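Colleague: Dock chain H against chain R, hints included.
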Amino acid sequence: MSRIDTAFRAAKADGRLVIAPYVALGYPDMATSVTLARAYIDAGANLLELGVPFSDPIADGPTIQRATQRALAEGSTLTGCIEAAAEIRTATGVPLVLMGYANPFLQWGYDDLARDLHDAGVDGLIVPDLLPDDNEDLAQACSAHDLDVIPLVAPTTPSDRIGRVAARGSGFLYCVSLTGVTGRRQDLQTGLAAFLQRVGDAATLPRAVGFGISTPAHVRALCGQAEAAIMASALIDIFDAAPPSEAVARAAAQVEAMADAATCR
Amino acid sequence: MTTAAHAHTPDAAGYFGTWGGRYVPETLVPALQELEDAFMRLRDDAAFQAELERLLHHYAGRPTPIYDARRLHEELGGARIWLKREDLAHTGAHKINNALGQALLAVRSGKRRVIAETGAGQHGVATATVCAMFGLECVVYMGEEDVHRQALNVVRMRMLGAEVVPVTSGSQTLKDAINEALRDWVTHVESTFYLFGSATGPHPYPLIVREFQKVIGIEARAQMLEQTGRLPDTVVACVNGGSNAIGIFHPFVDDPVALVGVEAGGTGPAETAATLEAGSPGILHGAISYLLQDEDGQVAPTHSIAAGLDYPGVGPEHAYLRDTGRATYVSITDEQALDALQTLARFEGIIPALESAHAMAHAIELAPTLPGDASILVNLSGRGDKDMDTVVGALGAGD
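Residue numbers (my numbering), protein chains in the order written: chain R, 1332 to 1596; chain H, 2 to 400.
Looking at chain R on its own, in the form it has when it is part of the complex (with noise of 0.2 angstroms):
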């Protein structure tokens, strides 16, 4: 079985919703996001996203488009990339999922990149700008070195479409909560619930939410209608508020709050 089936079986077992921080790899520089990626998982992360910067994240909000900008600045690239996620996975069995948009993936080759995402200890990719209708190559790649190709579902998308997007992936489906893009909120969007629903009708693989999950009231509000919560946003926010000494340290108490949240009974 697959660490995210493992993952996902797990947190069932127990009650709980399975808790996937993201980690900005390469910011404020790649040895630091490497540090905050362990800590997250001391502090009870189930799951890792790791997000490679691009030049035009078009689904990212300020604070993620200002943590790329950085990442680049910094000389981020998707080689240096590669190697953070094998260095995280050398003290870890927790799913490792790289995010980024497709045209670093693109350049790097898909065959080549789902070969050496697998060497590395990568578990599934989320590309947000690659919809299963134009991922074909993408998939083939994937599904010949066992890595999930994670889809995304919006609210905006219909019930039949997301049967058949749900259908082109595996691992888990990534529930986008609101239309808009990433970023901390003050509440979850109006009809998150009836969407999750509506998601959970349509389709059988593990729902896991994210775009605006900002607090441990977030997740808790996530239990019986997810499997998942995702948090990006509002952990680099605590991270950029904390002296830099302690924004380790801050951001992952944030991550141990919302694990605290997502024991469900």
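Certain hints may be false.
The calculated label-pair distances, taken between Cβ atoms and stated as ranges, are [what the hints assert, rightly or not]: (1) H:41 to R:1417: 47 to 55 angstroms; (2) H:135 to R:1423: 26 to 34 angstroms; (3) R:1423 to H:160: 55 to 63 angstroms.
Because the hints were derived from the structure by calculation, they are not lab data. Every value quoted in this text rests on a predicted model; they were computed, and no experiment measured them. By construction, the Cβ of each residue, glycine as well, lies at the ideal position given by its N, Cα and C atoms.
Modeller: Only chain H this time, still in chain R's reference frame:
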């Protein structure tokens, strides 16, 4: 020259050969499908077409004339040069053709809020103009650097009632304006129509923009036949995203006519925006096409003196026309474009936009190499008023 079966529309998934497609966040998929459905329905709708034709004629001033540049011909020798005068269209560039068409689509789709990106400001002005005329809310995203380079167009857009949002991320030019417009669209997709200005972006935009711009080529083809008795030997247009070029090329695709796209070569290979010349296949802003990028797949900085030519990508249909050999693409430097602008001003009393001056520069090079009975049709896609600050900056205030 082959005129063999050229696909006249992209395939059902939006590909011209292997170029194009729909590389967008899932949130936008239903909106793009809705747009495609609305466009496919209305392109054959007689009432829609009649309304568009009425507006193109009475509001935008079409048909624009073609003009025989006689003094320029006497000076250069060789082929005659005919100018398709898109600079005479309302708002001063071809951008109004597409803005009118898409705004009508917005109205018919019940969307009252329109967003647009702009580089040189011509598409922003055209969008602000049609939104004022239709009574639609209008927000235009423009890179901070372009806000400074094209200050006059910012004033025009605001006077027309549009909100102009300066974009401070990335390179602060057109590509970043598109990023921000896409983020707005993802956020307000239910209420908002994205009036995309160039022949690039996700399917169906390259198709829609071509269909609304091909009026340029349809008119010019008929005008050349009427006024010269035959087709031109060569059609020349500047290319970045490539909307004016695809608009004039498309009606000539099956004719024995050479099609030449002119990209912005900047100051030379180190500082260029010539995507087809210096780029490689890549995915940006919803389409796979040629892209200026580094070896890690990050989008590369570009340079052109023309704010409307410094986008690092190119429309997928141009990539297809280049691959099939049906069109050829060359580049012109900043300096050559500035020379051409002055040449056209002095010999013909027409100050072209810096973008169009790139096409002009190639025609000026090409004409003397062709026989006297040959003719070149140049798409003079816009007028140069907006560029006077830039030209003064490059040349000094004049002698």
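Colleague: If a hint holds in the structure, say so; if it does not, say that too.
Modeller: Hints, verified against the model:
1. H:41 to R:1417: 47 to 55 angstroms: Hint holds: Cβ distance 48 angstroms, inside 47 to 55 angstroms.
2. H:135 to R:1423: 26 to 34 angstroms: Once the Cβ atoms are compared, 57 angstroms apart, the range 26 to 34 angstroms for residue 1423 of chain R and residue 135 of chain H is violated.
3. R:1423 to H:160: 55 to 63 angstroms: Holds, at about 59 angstroms.
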